[in-house]
Each structure stands twice: as structure tokens, then as C-alpha cells.
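Participant: Once you have looked at the hints, place chains B and C on chain A.
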Amino acid sequence: MKHRFENHDLVTERASQLIDVTDDVRGAVERAEIVNGMVLVYSPHTTCAIVINELENGFLEDFGELLDELAPADGRYYRHDDLGIRTQGIEDDTADFPNGHSHVRTGLLSSSSQTIPVVDGELMLGTWQRIFFCELDRSRSRKVFIQVIGE
Amino acid sequence: MKHRFENHDLVTERASQLIDVTDDVRGAVERAEIVNGMVLVYSPHTTCAIVINELENGFLEDFGELLDELAPADGRYYRHDDLGIRTQGIEDDTADFPNGHSHVRTGLLSSSSQTIPVVDGELMLGTWQRIFFCELDRSRSRKVFIQVIGE
Amino acid sequence: MKHRFENHDLVTERASQLIDVTDDVRGAVERAEIVNGMVLVYSPHTTCAIVINELENGFLEDFGELLDELAPADGRYYRHDDLGIRTQGIEDDTADFPNGHSHVRTGLLSSSSQTIPVVDGELMLGTWQRIFFCELDRSRSRKVFIQVIGE
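Protein chains in written order, with our numbering: chain A, 126 to 276; chain B, 126 to 276; chain C, 126 to 276.
Some hints could be false.
You can't tell identical chains apart in this list, so a pair holds if it fits in one copy or across any two.
[To be verified] Okay, derived cross-link-like pairs now, SDA-like style, lysine to any residue, Cα gap no bigger than 20 Å in a straight line:
{"#": "1", "residue 1": "Lys268", "residue 2": "Gly251"}
{"#": "2", "residue 1": "Lys268", "residue 2": "Thr252"}
{"#": "3", "residue 1": "Lys127", "residue 2": "Asp218"}
{"#": "4", "residue 1": "Lys127", "residue 2": "Val244"}
{"#": "5", "residue 1": "Lys127", "residue 2": "Leu248"}
{"#": "6", "residue 1": "Lys127", "residue 2": "Asn161"}
{"#": "7", "residue 1": "Lys268", "residue 2": "Asp245"}
{"#": "8", "residue 1": "Lys268", "residue 2": "Asp134"}
{"#": "9", "residue 1": "Lys268", "residue 2": "Glu247"}
{"#": "10", "residue 1": "Lys268", "residue 2": "Tyr202"}
{"#": "11", "residue 1": "Lys268", "residue 2": "Met249"}
{"#": "12", "residue 1": "Lys268", "residue 2": "Trp253"}
{"#": "13", "residue 1": "Lys268", "residue 2": "His133"}
{"#": "14", "residue 1": "Lys268", "residue 2": "Gly152"}
{"#": "15", "residue 1": "Lys127", "residue 2": "Glu247"}
{"#": "16", "residue 1": "Lys127", "residue 2": "Asp221"}
{"#": "17", "residue 1": "Lys268", "residue 2": "Val244"}
{"#": "18", "residue 1": "Lys127", "residue 2": "Arg151"}
{"#": "19", "residue 1": "Lys127", "residue 2": "Val160"}
{"#": "20", "residue 1": "Lys268", "residue 2": "Gly209"}
{"#": "21", "residue 1": "Lys127", "residue 2": "Asp199"}
If you are wondering where the hints come from, they were derived from the structure by calculation, not from laboratory data. None of the values given here were measured: they were computed from a predicted structure.
Next comes chain A alone, as it looks inside the complex (with noise of 0.2 Å):
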């Protein structure tokens, strides 16, 4: 069995911002040198999802609104945000930056991960998918975890 992991590194720039990661996708699979097989596109965030859509403007909006209506940013109490109640917040930045809405989205979603078969050295995408990173929180650093395995 043939493997190879590549961690590519991400800076997001605004909640519900969906990075295409296809072309990064592509060239590790081409780079792990197998025939059969298939990759794993993982996102090792509590904030963030991997998600397999068309890469069509109206689309990417339409997706963060639809998000933000389940589960508002604002206007919505969360006790992930309530300093008094949630049992980690000390250490990190929750009071300048509430982010239970984004906690409870990556759980709607939850798709940590997308794996997409390989066949005779191709990636298996339809011809309109394409691969996003989904920032589900602010903006920030990120990775994305990709591991091929075949041979």
C-alpha cells in the first residue's frame, strides 16, 4: 500500500468562506504516484467543515446565508459563548470572539472530512464538483490534511 500526507496550509478570510481546494486535492494524488485508491481532504478544526459542491458564486453566498438563518451569529443565545456556563474559555478568546454558532454549524454539517475515490490514476469528481474548505468561523489560520492511499 502506497501513502502520502501533505498538510496544506490555509489563511480563511471571513465566516462561511469556501476555499476550493480541488487543484491542491489533484496535485497530491499526482504526486503520491498511485493507480487505484482513494483521498482523504481533512480539516482538523472544530470550526470548519470539507465540502463537495459547484464552484458557482450565487451558490457560495446562498450557502452562508441558508447557514447563518439555522443558526444566527447574532440574536441567538449559545452557552458555548456564556463565560459563566461553558467549561473551557479561560485560556482562549471566546469573550472577544463568541463562536458557538460556528461550533453548532460544523455539528449540522459535520464533515470533517471528504473522500473521494481514485481510479486508474484519476480523481473520481464529477464534472461540475469541485472540493471547499469551509471556514465556518472567522477569519483565520488553517489547515487542510490530505492523505492518498493506493497503489
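Facilitator: Positioned in the frame of chain A, the structure of chains B and C alone reads:
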């Protein structure tokens, strides 16, 4: 490492249709002749998902109803359907079949694939679990990719 | 390819309970004695999910609250709970414990499993990431499957 890849063609009939592909997956696992490994069931479409749940007609309708409530097909504005805004659209049939709701529903589920363990030659689904191809757009010709790896 | 499969039994206590199974997963990875590969954490149930997020009590409650709002247990009609409509139900305990809301919540999360890379023997979770078994029904006896592949 053994590897088997199959594409199964489907024709869906309507939005929110869940098509049971469990037997397709089970067949591919048998044909792969592996003892231990995993099977990846993958949708190469931007308005579909792979879902694991119970094959019970009441649930199948409840699920479509909830999606229609969270991201309505009618009565909600999607930039993706606005031909003056969207970045793609000249070449496709968006004017006739707006599907902004389909894209955000796909984003909300964020499950282009499901992975199931195979142990001692057996697909490790729970008693009530079935694997569904979930149409989030209208009636379309679709593909479901089934990839088995193991040994 | 090395392969290790473990079933861990759990007893959940209540709806929306998130049980931290990170140590179970870490233990299985160690016992698998692989250097590079991946671990698949899988729920064989139709009313549960596997979720990765932060172990913080405020979030754990926020998440249950959001699910209860999006797909309420009370005050919403589910065909799945209608004994005159549903296609299964004679043999189970739906009359006593209607769980239509549990099924659609499971569908909404659509995360029967999570996959995490293992690199140089290390489970590649981010600093704040923990793996949770998520009960979306009532108190039940449950299983979580942990499968490690690699070499």
C-alpha cells in the same frame, strides 16, 4: 491491496427521492472478493447525496418534507438561480430548472459519500441500515460509484 | 495491508447525548500497530451519528437544542410515527417510543461515520477535536465500530 470500482447508472424520478442501493453495494463487495476492507459509496453529482437510514416509507417522506422546509424550493431567493448574478449559467438549463435549493440542500447534508466497513467478507451495516442515493434536484440520469478496497 | 476491527458497546442515557469515544479510537489505533493509514469510526444504527467537535459542555447542549428546533420531537407530525401509514412498525416499539424526529435528524447530519488519518502512528485529530458518538433517539444499547487499515 485488492481494488474494485463499479459505476451503477440510475434514473431518478423526483426531488427528495431516496433510492435504495444496498443490493448494488453488497454485490460489488462480493465481486471484489475481499475478506477485510471498506466500501466507499460516492455520488459524483453536486445536487445529490448518499444517506444511510431505515427503509420505511414514512421516514422517506418525512425527510423530503424537512429539507423542503429548511431550504424551500419555492418562495425563497437563491442567487444561484439569478441569471444576472450567477457565474455559470449560460451553458446550462438554469433558466428552465432553477436548482439553487438543491445546491444548498446538498451543502447542508454534505455527504457526497458514505464509507462502510467490510469484515470477514461481510458488509457491516446495522440491522435497519440501508444505503440510499438521495436525489436533491429533479428527475435526472445519475451515477453512483462503488469502490471496494481491502484484501 | 494491516486491518483491525473492534466493536465497542455503549449505553446511551438520553436524546442528543454526545459520548466522547476518542480514547476508544486512539486505543484501537495503537492496538492495530500501523504506521500510516486511516481509522473509520462507524455507527451501525439508523438514529445515531458520529460527530467530531469540541468537548465543551456549552456546545454539547447548544447542539441538542438546535436539533430539537430544526426537527422537533414534539409538536411536529412525522409519518414515521403514524401507525396507520408506516411500512414497518408492527414488530417494533414505535407505538410506545415514536422516533420519527430521530430518523430525520440522522438524515440531516448524514454522518454514520467519520474517517481520520493516521500518520507516523499518530491519530491526526486537531488540538480541540474529539470524536463523539451522538445519540439521536432515547436511551439505548449501542455499538460503535472502529476499523483501522494501513501498514
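Participant: Indicate, hint by hint, whether the structure satisfies it.
Facilitator: Do the hints match the structure? See the list:
no., hint, verdict
1, Lys268 to Gly251, "between (25 Å within a copy, 9 Å between copies)"
2, Lys268 to Thr252, "between (26 Å within a copy, 12 Å between copies)"
3, Lys127 to Asp218, "neither (41 Å within a copy, 42 Å between copies)"
4, Lys127 to Val244, "both (14 Å within a copy, 13 Å between copies)"
5, Lys127 to Leu248, "both (16 Å within a copy, 18 Å between copies)"
6, Lys127 to Asn161, "both (10 Å within a copy, 9 Å between copies)"
7, Lys268 to Asp245, "between (28 Å within a copy, 18 Å between copies)"
8, Lys268 to Asp134, "within (5 Å within a copy, 33 Å between copies)"
9, Lys268 to Glu247, "between (24 Å within a copy, 17 Å between copies)"
10, Lys268 to Tyr202, "neither (29 Å within a copy, 33 Å between copies)"
11, Lys268 to Met249, "between (23 Å within a copy, 12 Å between copies)"
12, Lys268 to Trp253, "between (25 Å within a copy, 13 Å between copies)"
13, Lys268 to His133, "within (6 Å within a copy, 31 Å between copies)"
14, Lys268 to Gly152, "within (16 Å within a copy, 25 Å between copies)"
15, Lys127 to Glu247, "both (16 Å within a copy, 17 Å between copies)"
16, Lys127 to Asp221, "neither (45 Å within a copy, 47 Å between copies)"
17, Lys268 to Val244, "between (26 Å within a copy, 15 Å between copies)"
18, Lys127 to Arg151, "within (16 Å within a copy, 23 Å between copies)"
19, Lys127 to Val160, "both (10 Å within a copy, 12 Å between copies)"
20, Lys268 to Gly209, "neither (31 Å within a copy, 35 Å between copies)"
21, Lys127 to Asp199, "neither (47 Å within a copy, 48 Å between copies)"
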